[in-house]
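Starting from the structure of chain A, add chains B, C and D with the ligands where the hints point.
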Amino acid sequence: MSTITVKVEFGGGLELLFGNKRVHSISLPSFVPADNTIAPSSPPNSETPLLAESDDPPLPANGPIPDPMKGLGEMKAKPLDVQYLMHYLRSRLLTERPELFMDGDTVRPGVLVLINDTDWELEGEGTYEISDGDEIVFISTLHGG
Amino acid sequence: MSTITVKVEFGGGLELLFGNKRVHSISLPSFVPADNTIAPSSPPNSETPLLAESDDPPLPANGPIPDPMKGLGEMKAKPLDVQYLMHYLRSRLLTERPELFMDGDTVRPGVLVLINDTDWELEGEGTYEISDGDEIVFISTLHGG
Amino acid sequence: MDPGPTEDRLLYTSDYLRYGRQMILDGFGLEGQIKLQRSSAVVVGAGGLGCPALQYLAAAGVGHIGIIDHDKVELSNLQRQVLHSEQMIGKPKAYSAAEAIRRINSGIQVTTLTEMLSPSNALSLLQPYDVILDCTDNAPTRYLLSDTAVRLGKPLVSGAAQKYEGQLCIYNLGQNGPCYRCIFPKPPAPQAVGTCEETGILGAVTGIIGNMQALEAVKLITGLHDGNATLLLFSAISSPPFRSIKLRARQPTCPACGQQGPKPHIIEGTDYVTFCGGARPNWLEQGLI
Amino acid sequence: MDPGPTEDRLLYTSDYLRYGRQMILDGFGLEGQIKLQRSSAVVVGAGGLGCPALQYLAAAGVGHIGIIDHDKVELSNLQRQVLHSEQMIGKPKAYSAAEAIRRINSGIQVTTLTEMLSPSNALSLLQPYDVILDCTDNAPTRYLLSDTAVRLGKPLVSGAAQKYEGQLCIYNLGQNGPCYRCIFPKPPAPQAVGTCEETGILGAVTGIIGNMQALEAVKLITGLHDGNATLLLFSAISSPPFRSIKLRARQPTCPACGQQGPKPHIIEGTDYVTFCGGARPNWLEQGLI
Ligand SMILES: [Zn+2]
Ligand SMILES: [Zn+2]
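Residue numbers (this note's numbering), protein chains in the order written: chain A, 1 to 145; chain B, 1 to 145; chain C, 1 to 289; chain D, 1 to 289.
It is possible that part of the hints are untrue.
[As the list claims (entries may be wrong)] Below, a list of computed lysine to aspartate or glutamate pairs in the EDC-like style, where the Cα atoms sit at most 20 Å apart:
1) C:246 <-> A:125
2) A:21 <-> D:26
3) A:78 <-> A:123
4) A:7 <-> A:117
5) C:246 <-> A:123
6) C:186 <-> A:121
7) D:186 <-> D:271
8) B:78 <-> B:123
9) D:72 <-> D:115
10) A:21 <-> D:198
11) B:21 <-> B:96
12) D:186 <-> B:121
13) D:186 <-> B:99
14) C:186 <-> A:103
15) C:186 <-> A:105
16) D:246 <-> B:134
17) C:246 <-> A:121
18) C:246 <-> A:117
19) D:246 <-> B:121
20) A:7 <-> A:132
21) D:72 <-> D:99
22) D:246 <-> B:96
23) C:246 <-> A:129
24) B:21 <-> C:226
25) C:246 <-> A:134
26) C:186 <-> A:99
27) D:246 <-> B:125
28) D:186 <-> B:103
29) C:246 <-> A:103
30) B:7 <-> B:121
31) D:246 <-> B:117
32) D:186 <-> B:125
33) C:186 <-> A:125
34) B:76 <-> B:129
35) D:246 <-> B:123
36) D:246 <-> B:135
37) D:186 <-> B:105
38) B:21 <-> C:26
39) D:72 <-> D:271
Think of the hints as simulated: they come from the structure by calculation, not from any bench.
The structure displayed is predicted, hence computed values, not measured ones.
Just chain A, same shape as in the assembly (with noise of 0.2 Å):
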């Protein structure tokens, strides 16, 4: 199973929902969870790779290539797109206030997403298939003058 890091950014405030941190490097196995089931770890919050450590039972020496979701139960598999991304964040990294960051399934109104500097929308949104090295930040707009 191999792993994903990704560049996290955040500004216009929502740094402050994630410990007044504003970029984080966080590492994510390739294949997720299809519901966005975030495995529970400890300690929480922490930014080591997530590997399902917890939950994958000691793979056989000998066998046959092991499912990836395995010891994620009957799940669907996916690979690691946007919206796990935000699933994770607001299950291990915000340390405050969750209805500031999300709504539902996607971030709350007044939040833009970018990745490698380009407008969500225009690369699918939530289903973005993340690639290694890629550089997504969350940002609020801005009403100050």
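Chains B, C and D with the ligands in isolation, oriented as in the chain A frame:
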């Protein structure tokens, strides 16, 4: 013989020496003469790949792998570097006042070279070996206010 | 004494001297200066963003400048609102700003409006201008300005700043540029939105964004703009400080600018404060409801 | 009437009101405001870059601001030098700029100098200030300022603008930041150098760079700067408009800041105009030789 494509940008007034065009895409062979000889081409100032078109004799259908420098005489070859690029730009793209671009074997005083948004001094200056997709900027320092 | 307009019947001899430094630029020229002189721009909000924007619009020679602001100058403004002065505390910002830019350039026409922009007056107040600059400080007015710019078919040069950060975008640009609602169809909840008063603002951040707004307006008027709608993000304490974002095109489903045309009465029929989640204490204070 | 300094013995009650918007920022606070109040900055050149820089330094509350300029206000300046006004044409720029920023903030000390900066006075004129802003318009003065900043051990916030482009860099930053000579050891030939007069300048470009200079100075003073020397390139008509460049470290071989220390008498012994290739007609006019 493979080809390397490099994005070249001019700024700070240097673009005036290159047809008032700021951004150029240049294709060059991955191995070039060590003495920076620029093979003649027609038409001059073209931005098409150099590939030693006019000088290369036809290759034998069977035989040893051709020397990438074949047709360039007894000269030594080197990987494409920034110094060769500068000579190439001066010979092929520059349209006026070459003394405002180069001074001997390097850029004239007051010009800064940037390799992928880094001062070329940190990258080996002229000896930096160019990779496909690199972005090289030649910028003149400004004095106005 | 200036002998009056020269044979081009547009510029005075003194104008060649005043604007010469920009008229000799490639792609600008006499033509660009005449375009500026014949053009008009309205700056909504004479605060942190509006002040620098107004300075550079006036200095560049935009022929007619409108200033809309119903606030009065306060001491807490002077940390960033550089057209106002201690002597002007208590005076309407629109007058203070107008006086300041007339000192820079007496050759331009300046119109001041101290009315509060509202759904009932926005169309008529903004209609006379070629370019609209959003230098306001609250979400309801930003939606109102966007809807109005769409209805009037004018570009909206929008700036925003808060804390150490700034954002700049031209909405409703050309045939395909998105409007504010295309990007943000639903307004954020009021508790998600901070104001400069609550969250703070570094003065130079508003200066840089407001200055960029004037620059974009000058580029639009003179034809120097490339026509692409991009979002510029600025963070004064990040490295690199600037980031340019490629934005979506106009959204066919947008209620303001989509293919079906604007919803009937979208402006007159919208209570923008309610749309943005209802009154906030500071909006009350500012008289926005 | 203001009752006077509060128990911190530094700020007046009115200062909390005036600077409150920046004092509530993370990483700024009362401490940042006191640092600003106790600090001093000198702006060399009250022109296109100096005007916006001075505005935001004054508005932010830098306690002592020096303005050095030996020029007089001309009509051709008003297209971009936004502190000057038509009424000030013919007056020294340093006085005009000082009067303008005193209107914004009467609580700061402003010192004006109409002497021409030269190798014989640069050290003594610049010594009293914590930060030096290079807002000048010619190569010889840029080298002189760099050598002086190195000798005095002060950061030099350098801006430059021409046509549609601008550049910003802090030289001599901290222990390892390069000086201007580290980057450009040899000056360009005079014919390779244009001036705003000859090549033109768009006003908002100087505004953006000058504004950034004030911002960098405020960051240096308050400790918000990350300490890395980067070069910011700006082009008003390129996309993206900003580019941040990682610069070389201080050069051991640099005659000004290298390991052997500055060459003896590098400042007093250099004829900077000759060093930069001799007189140009416009330097003659400007009295630089
Ligand atoms: Zn729309
Ligand atoms: Zn040095």
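Evaluation of the provided hints:
Taken as a hint, the residue 246 of chain C and residue 125 of chain A pair is honoured in the structure, with Cα atoms around 14 Å apart against an allowance of 20 Å. About 12 Å separates the Cα atoms of residue 21 of chain A and residue 26 of chain D, which keeps this hinted pair within 20 Å; it holds. As the CA atoms of residue 78 of chain A and residue 123 of chain A are separated by approximately 17 Å, the hinted pair is consistent with the 20 Å bound. Restraint check for residue 7 of chain A and residue 117 of chain A: satisfied, since their Cα atoms lie roughly 12 Å apart, inside the 20 Å limit.
Only pairs whose Cα atoms come within 20 Å are accepted, and residue 246 of chain C paired with residue 123 of chain A is accepted, the gap being roughly 11 Å. As the CA atoms of residue 186 of chain C and residue 121 of chain A are separated by approximately 15 Å, the hinted pair is consistent with the 20 Å bound. Between the alpha carbons of residue 186 of chain D and residue 271 of chain D the distance comes to roughly 14 Å, so the proposed pair stays at or under 20 Å and holds. Taking the CA atoms of residue 78 of chain B and residue 123 of chain B, the gap is about 17 Å. The hint holds against a cut of 20 Å.
Of the supplied pair hints, the one linking residue 72 of chain D and residue 115 of chain D holds, its CA atoms being roughly 12 Å apart against a limit of 20 Å. Restraint check for residue 21 of chain A and residue 198 of chain D: not satisfied, since their Cα atoms lie roughly 47 Å apart, outside the 20 Å limit. For a cut-off of 20 Å, the pair hint linking residue 21 of chain B to residue 96 of chain B stands: about 13 Å separates their Cα positions. Taking the CA atoms of residue 186 of chain D and residue 121 of chain B, the gap is near 15 Å; set against the 20 Å cutoff, the hint holds.
In summary, the hint linking residue 186 of chain D to residue 99 of chain B is supported, as the alpha carbons are separated by about 15 Å, within the 20 Å threshold. Between residue 186 of chain C and residue 103 of chain A, the direct Cα distance comes to roughly 11 Å. Compliance with the 20 Å bound is thereby established for this hinted pair. Under the criterion of a C-alpha separation no larger than 20 Å, the hint pairing residue 186 of chain C with residue 105 of chain A is consistent with the structure, at around 15 Å. Distance check on the hinted pair: residue 246 of chain D and residue 134 of chain B sit about 16 Å apart at the alpha-carbon level, within 20 Å; holds.
The straight-line distance between the Cα atoms of residue 246 of chain C and residue 121 of chain A is roughly 10 Å, inside the 20 Å bound, and the hint therefore holds. Our distance criterion of 20 Å between C-alpha atoms is met by residue 246 of chain C and residue 117 of chain A, whose separation comes to about 7 Å. Between the alpha carbons of residue 246 of chain D and residue 121 of chain B the distance comes to roughly 10 Å, so the proposed pair stays at or under 20 Å and holds. Our distance criterion of 20 Å between C-alpha atoms is met by residue 7 of chain A and residue 132 of chain A, whose separation comes to about 9 Å.
At roughly 14 Å between alpha-carbon atoms, residue 72 of chain D and residue 99 of chain D fall within 20 Å of each other, so this suggested pair holds. Simply put, residue 246 of chain D and residue 96 of chain B have alpha-carbon atoms about 30 Å apart, too far for the 20 Å limit, and the pair is violated. Among the hinted pairs, residue 246 of chain C with residue 129 of chain A is consistent with the structure: their alpha-carbon atoms are about 19 Å apart, no more than 20 Å. About 15 Å separates the Cα atoms of residue 21 of chain B and residue 226 of chain C, which keeps this hinted pair within 20 Å; it holds.
For the given pair, residue 246 of chain C sits about 16 Å from residue 134 of chain A by alpha-carbon distance, which is consistent with the 20 Å threshold. Of the pairs offered as hints, the one joining residue 186 of chain C and residue 99 of chain A holds, with about 15 Å between alpha carbons and a cut-off of 20 Å not exceeded. Only pairs whose Cα atoms come within 20 Å are accepted, and residue 246 of chain D paired with residue 125 of chain B is accepted, the gap being roughly 14 Å. Annotation: proposed proximity of residue 186 of chain D to residue 103 of chain B holds, straight-line Cα distance about 11 Å (limit 20 Å).
Under the criterion of a C-alpha separation no larger than 20 Å, the hint pairing residue 246 of chain C with residue 103 of chain A is inconsistent with the structure, at around 24 Å. Between residue 7 of chain B and residue 121 of chain B the alpha-carbon distance is near 19 Å, which keeps this suggested pair within the 20 Å criterion. Of the supplied pair hints, the one linking residue 246 of chain D and residue 117 of chain B holds, its CA atoms being roughly 6 Å apart against a limit of 20 Å. At most 20 Å may separate the alpha-carbon atoms for a hinted pair to count; residue 186 of chain D and residue 125 of chain B meet this at roughly 16 Å.
With a C-alpha separation of about 16 Å, the suggested pairing of residue 186 of chain C with residue 125 of chain A holds against the 20 Å cut-off. Straight-line distance between C-alpha atoms of residue 76 of chain B and residue 129 of chain B comes to about 16 Å, which keeps the hinted pair within the 20 Å bound. Proximity of residue 246 of chain D to residue 123 of chain B is assessed by CA-CA distance (about 11 Å); at most 20 Å being required, the pair is judged to hold. Taking the CA atoms of residue 246 of chain D and residue 135 of chain B, the gap is about 14 Å. The hint holds against a cut of 20 Å.
Proximity of residue 186 of chain D to residue 105 of chain B is assessed by CA-CA distance (about 15 Å); at most 20 Å being required, the pair is judged to hold. Distance check on the hinted pair: residue 21 of chain B and residue 26 of chain C sit about 12 Å apart at the alpha-carbon level, within 20 Å; holds. Using a Cα cut-off of 20 Å, the hinted pair residue 72 of chain D and residue 271 of chain D is violated, with the two alpha carbons roughly 25 Å apart.
When held up to the earlier numbered hints, the structure conflicts with 10, 22, 29 and 39 and fits the remainder.
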